[in-house]
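If you read the sequences in order, they're chains A and B. For the first sequence, our numbering begins at 1 and goes up steadily by one. For the second sequence, our numbering begins at 1 and goes up steadily by one.
Calculated from the structure, these hints are not laboratory results. One or more hints might be untrue.
[As the list claims (entries may be wrong)] Using 27 Å as the maximum straight-line C-alpha spacing, the simulated DSSO-like pairs for lysine-lysine come out as follows:
hint : chain 1 : residue 1 : chain 2 : residue 2
1    : A       : Lys94     : B       : Lys422
2    : B       : Lys104    : A       : Lys63
3    : A       : Lys98     : B       : Lys426
4    : A       : Lys94     : B       : Lys426
5    : B       : Lys518    : A       : Lys354
6    : B       : Lys105    : A       : Lys63
All figures in this text were calculated on a predicted structure; none of them were measured in a lab.
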Amino acid sequence: MNQSPDLQPSADQPVPRRALLQGGLGLGTVAFQWLLARDGRAVAEGSATTQGNALALPHHVPKAKRVVHLFMSGGPSHVDMFDPKPLLNAEEGKPIPKSIAGEFKFAMIRDAAPIVKGSPFTFTKHGQAGGDFSDLVPHTAKIADEITVIRSMVTDTVVHDAACWMMNSGSIRAGMPTFGAWLSWGLGNEADDLPAFVVLTSHAGGQAQPLVESYWGSGFLPSQHQGVKLRSEGDPILFVSNPGGVSSTVRRRQLDALARLNEERFAQAHDPEIAARIAAYELAYRMQTSVPGLMDISSEPKHVHEAYGTTGNKASFANNCLLARRLLERGVRFVQVYEMGWDQHGDLVNMIRKQCDATDRASAALVADLRDRGLLDDTLVIWSGEFGRTPVAEAKGEKWGRDHHPYGFTAWVAGGGFAKGRVVGQTDEYGWHAIEKPVHVHDLHATALHLLGIDHQRFTRRFQGRDFRLTDVAGRVVPDLMA
Amino acid sequence: MRRHNIGRTVVRAVTATCFAAALAGPAWAIDAAIDFGRDVLPILAGHCFQCHGSDEEFRKADLRLDTADGIAATLVAGKPDESEFVRRIESGDPDEMMPPPATKKPLSEEQKLILRRWVKQGAAWGRHWAFEPTVRPEPPAVKNQAWVRNPIDRFVLAKLEAEGLAPAPEASRETLVRRLFLDLTGLPPTPGDVAAFVADTKPDAYTRLVERLLASDHHAERLAQQWLDLARYADTWGYSGDDPRTAWPWRDWVLEAFKTNMPFDQFVIEQLAGDLLENPTQSQKIATGFHANAMMALGNTYDYEEYRTETIYDRVGTTGTALLGLTVGCARCHDHVFDPVTQKDYFKLFAIFNNIPHEGKYFGVHGPRLDLGFPDKSMEEKREAIVAEIKRLEETPAEPAAGAASLAELRIDGAKAIPTWKTIGKPAWDGESPPDRQGASASFDGASALQAPNAADFAFVGKFRIACAIKTTDPVADIVSKYDWTAAERSFAFGIGGEGDRLAKPGFLCAWVSSNAKQFTGVQIFSSIMVADGQWHDIALEFEPGTSIRLVIDGKADEAAVVLGEPPPVIAVTPRPILVGAGYRNGQPDFHYTGLLHGLSISGEVGSPTNPVSKELKTLRKQMAEIDKQRVIADVMAELPQPRDTFIHKRGNYNAPGDKVEPGVPEMLGALPAGAPANRLGLAQWLVSGTHPLTARVAANRLWSAVMGVGLVRTPGDFGTRGEPPTHRALLDWLAAELVASGWDQRHVVRLIATSAAYRQSSDASAELVARDPANLLLARATRRRLDAEQIRDVALAASGLLNRSVGGPSVKPDMPAHLFDDLVPVQSDAPWKPSPGSARHRRSLYVTWKRMLLNPTLATFDAPSREVCVAQRVVTNTPLQSFVLLNDHAFVEAAVALAARVLAEHPGDDSARLDAAMRIVVSRSPSPRELETLGALLADMRTHYTADAAAAQALIGPKAPAVKDVPPPELAAWTVVASTVLNLDEAISRQ
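Chain A extracted, bound-state conformation:
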């Protein structure tokens, strides 16, 4: 085989992509196709489907290239953070009128007449739109002019996992491709040596619900598009570290030998998969150096740490927000940052304070940091839970809490063509139903896809005879959310 000298790099010089492209007899071509497949959708998947890959993305000029989703898992209470309802305080202790809550399901509350509960937190107005922010979120209040607060979010279910699947995949069932997986599949990866879809998780305390792999799964899309969870303990990516006793030099030598052996097989079989595998090993080798470097946030200057409120070696939402910025800088397509523990069925007053202390500063710092680095213009920031919390109390006494609430809740968005400094939609005077400009989760997905240059109705993949999309059979682009 007419082998390029570039295919035998030295130990400290991993093979550059260019070298792969110049490889001999066919190998370079197929490896090139594979790399293109990573970067975009130039190559159809595995079998020769009749559909091929006719996505022709983007459908229109995109405003944004990447997404960061700050996911407040458990359901943050809109009426205590962004959506003040004086009537709740005025009618505190009275049953919620049947006309408002009559036919609606609760997750946990079984009272025939649930009791209205006002918010103990103080709201003030901020930014040009005069949006309301409670004293739980003073830092988010400071970026009021960068964000659009959606006070009329709607979803379909009162159940955590179903609502998380809805927020992530547009379906209340497990097993559908999630937003990040769709983008990885459709738009490919711009990060040279990182996965296109990365997930970070933290838990500052409070009642948590499990985070399961299917929240960032690839469903029926190829598994390479699923979110990769970066861990703060052990290997950041599973098995990324060499085993004990295997130095980088040893690994390099091993990979060189392996490549030579695989090339020999390729010369006989001409199977493009062999070339792709050689390229995959080289990429893996590069990830081994880039990932630990990426995870090491200690190299960031002091003022950055202060702005985010990072917590040293202790894993936290703040650390993860800073990590998210580093990932976005490196071209990662979709970063999802989960904070667990928002499920305040009881002791809401203390627990929500804890959650907000853990997330408010860092969320705002991330937006400001992206802005200052010029990344906000083409990065979508989405802050949401899977639903909100009920304007009525669950449990009584001091340790009262709120139940799950899907009929009207708050999310906020920023960057990449989303409107700035706007408040969209409203709930009724009890904070119950989204009564003005309701934005269903499907609509949020459709709008975000639109800003990414994608027509959500044409962004489909066939599975078991049906063309599926992120927005199922619904969703509309919401002009009010866009600049």
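Here the structure of chain A is known, so what remains is to put chain B in place on it, guided by the hints.
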């Protein structure tokens, strides 16, 4: 949009044909004969049926293009230029063109030409190929007779000869033996297997090897793996609760079925309806676990009916995909747009599966289940001995308690409320009395209860007893309770059916006592005697802290009751008052009792704690609890005596009922056989009755893909118009016919495929052939493919000598990094993950515990599906994360060390022989001189490296490395890197 004037005919000049004339071969070429099913229907389905199909709701212009009459009205056969149909599809006018631009489904120029030529050629109407009856085709004549080994080869060769191609030469004997082992057993051959086959020069050497492999248990394991994907087999229930379930008895049934080559018709009937057969055997009941595999939510926040409905959607969809190759799920919300399945058809199937006695909550409790007893008889005997000993000790008079406790007692005799108690709802006080008893009984209507005035009333600290007579048919209810489960107030409960416990059975008594109010800690007891049978029963719960719990029914202690956990020494104190006729949930009475209640007596010790615990009894009860955990209870199907009514769900919404439908099968595929019951059994009999062509075609295609690596239809779950047509339709039909004619003998079909010349081709190909036919649609070579996730792990285990080859039994847990469970928080009862002891963790991947919400990462990285839903085909990927697994996953490092030790021990002193052995063990062939040189150089390099760094060597091989005589750690480490390299070869994880 303007209304379409379909009736108007305009002659238009056609210019596009010039374009077509330049090209040859495909359907749209000028001379090609158009096949309606193959060429035209997919275009109509994909571009026209949405608005002009069967669904009235979406239909535009009252026009149907999915029927012969409908489309005929729009065209003049033979005269495309006079056909409105052609004019509209060729129009450039946005107001006229079809499909309209707004649909964003434009036809390509090729598609337009196909439609034009179809009209020109007479516009023959037909059905989609897969719905046409199977007519056993005659194998075609071929030129190269000598190549043909069986009829399969005629079909393959005829196509190749038509394409001007020759088949690939036969693969080397080493390749063939490895391929056969991998395809038929999922495991690689040993070097001895390879050598024996290579040396066997008898003409029947190949067929003898095939027969040997087909007869092995590992062949059953191999075929089972594919079926498990289709059956969405998993060892947990799914959803975020994801509790473990006992699914393996069904998996073992599948293994046994493949082992004994059960005819496929029986295979289908038993799995769908084994319980409905006459005098079903235990095995036939276990078989129905097929549809108990549907995901089911746990927890208490679900809308039960919604989740019950989801499981039925899943059963309908799985049946369609796995057995009919039809995407019936598309018809849940509306008539299928592309295939002739209506929404009514869908709900006819739904009605068949709508009669499972399950209400949508915790299938593990409230679904039908089958107690299989203990895995081995000795446990039953052991348990009996313990029960006897406990009884003996209990009957021995105890020492009087130190420190007398005060007694609280309540009696409800006859018909009266207790003035101090709170009445919830409207219990009635005039119910009939039990035979020979005095006084009327209290009657609970399912919304009533009685509550003690204070939480301190009946806050027992010592032994207590609750007794009454009941008459009820309520399967799930609390009779007397002191708890609120969701408010973390747990003292005790006594009732029927249980509320989330694995062993509870509807209609059977159960009770629990907890020493911890927040998290259940204590004892549960599940009765063995049905009481909700509409007859009067005297029932009692007797509890003694730290000592015993028992149920007494009609005067006799229920000795066969199952006790889980130990009687706690104390009873949790809660602020929840005792309740009669219900239990609390979320501060509200729930789990209401419906039925009669007479002569209630609640008595027990309140005040200071009493008796010290008998140590001996405690130990015995602990032993019994351990034994009871081993009891195997399988999830199965059963049928309600009174079927539920089924209504179409409007737009697929479970709570928007439309017209009522009766059980049945999709109309276009026929009807249930005359006299067949309109239930699961009838459906199963119809599926394999041969009156429609799908089941046999789908099964034949599955067997083809199991052996050949990819199906003749490359969308094995979709034989409809949106699926891909078969690459060799006549061959598929021939195999389907052969399958049926042989008495649904699956092994016969596998044997035919594995012994064909087509199968025995080499997978090596020229670059030209790969470029011409990258997906190997023509079969001019064998398909080279990456191994399945399970095989990749199994090959490494086999090569290292670690593989435990035992067959069947409970699933096992290999090591998993503990922090994977971090974000699952303790709601999942199998966290933390406890790896199986000993060599169990080295069992075949088929037996790895399939946790839906956190699948084993080694398997998941290589595209094993989490089996939330039916998977007809795995997507194969090739990613950097896979190399991390093969290089760095602890299990693969362990395998590399073991492989290194193996070749070092087996071939003392000779590097070349050892390298040769490593290659023969892993890829079943000797290395080429160049490969030997590359590996030799690596070895020399590593030897130098690790000799200079003995600490690194020790770190790599680890403290548990197998000792090899005269091999120091640096040598073993150097060989470990070599072994790891061989295990990472693309060839090692490929079938060639």
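Hint-by-hint comparison with the structure:
Annotation: proposed proximity of A/Lys94 to B/Lys422 holds, straight-line Cα distance about 23 Å (limit 27 Å). A threshold of 27 Å between alpha carbons decides the hint, and for B/Lys104 with A/Lys63 the separation of about 22 Å falls inside it, so the pair holds. The suggested pairing of A/Lys98 with B/Lys426 holds, with an alpha-carbon distance near 24 Å, which does not exceed 27 Å. About 26 Å separates the Cα atoms of A/Lys94 and B/Lys426, which keeps this hinted pair within 27 Å; it holds.
Using a Cα cut-off of 27 Å, the hinted pair B/Lys518 and A/Lys354 holds, with the two alpha carbons roughly 23 Å apart. The straight-line distance between the Cα atoms of B/Lys105 and A/Lys63 is roughly 25 Å, inside the 27 Å bound, and the hint therefore holds.
Checked against the numbered hints listed earlier, the structure breaks none of them; every hint is satisfied.
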